[in-house]
Amino acid sequence: MRELVCIVCPRGCHMRADDDLNVTGNFCPRGEAYARAELTHPTRVVTSTVRLAGGLYRRCPVKTSAPVPKELIPELMELLGTVEASAPVAVGDVIVRDVLHTGADLVCTRQVPRA
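For the record, in the sequence shown the residue sitting at position 22 is 231 according to the numbering used here, with numbers rising by one throughout.
In short, the hints are calculated from the structure, not lab data. Owing to the predicted nature of the structure, the values given are computational and were not obtained by experimental measurement. Idealized CB from N, CA, C, for every residue including glycine. Please note that the accuracy of each hint is not assured.
[Stated by the list, open to error] The following label-pair restraints were derived from C-beta to C-beta distances:
1) A262 / V214: 21 to 31 Å
2) R211 / P297: 39 to 49 Å
3) R267 / D229: 19 to 29 Å
4) F236 / A324: 41 to 51 Å
[What the hints assert, rightly or not] Taking lysine to aspartate or glutamate and the EDC-like style, the derived pairs with C-alpha atoms no more than 16 Å apart in a straight line are:
5) K272 / D302
6) K272 / E293
7) K272 / D314
8) K272 / E287
9) K272 / E284
10) K279 / E247
11) K272 / E247
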């Protein structure tokens with residue numbers, strides 16, 4: 210039996226799932242779907258920063274445009290250490306397209322003008 214806390218909404222239901230993925234403790238159907246996905250193929254939206262050349266700041270905050278498989282996060286973080294964007298950048302600008310062939314783009318989350 211696995212115990213999970215749902216993060217889909219602010220309610221934070223405490224759920225249990227057995228080996229057959231029967232979920233209890235969820236208040237809504239979204240909690241059941243979250244628990245099953247978390248137990249079979251967990252994903253996360255990754256937030257971080259990349260180097261920024263010629264900008265007002267030396268680093269640019271970024272995030273994945275969609276959740277990526279949890280097992281790819283260490284590889285993604287290693288890749289981020291090699292990425293450098295060029296100023297100016299705006300919110301939503303794609304820094305890396307289809308990162309690690311996941312279908313998710315790495316996008317800028319802050320406008321940074323040239324220095």
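Out of the numbered hints, which ones does the structure contradict? Hints 1, 3, 11 contradicted; others consistent.
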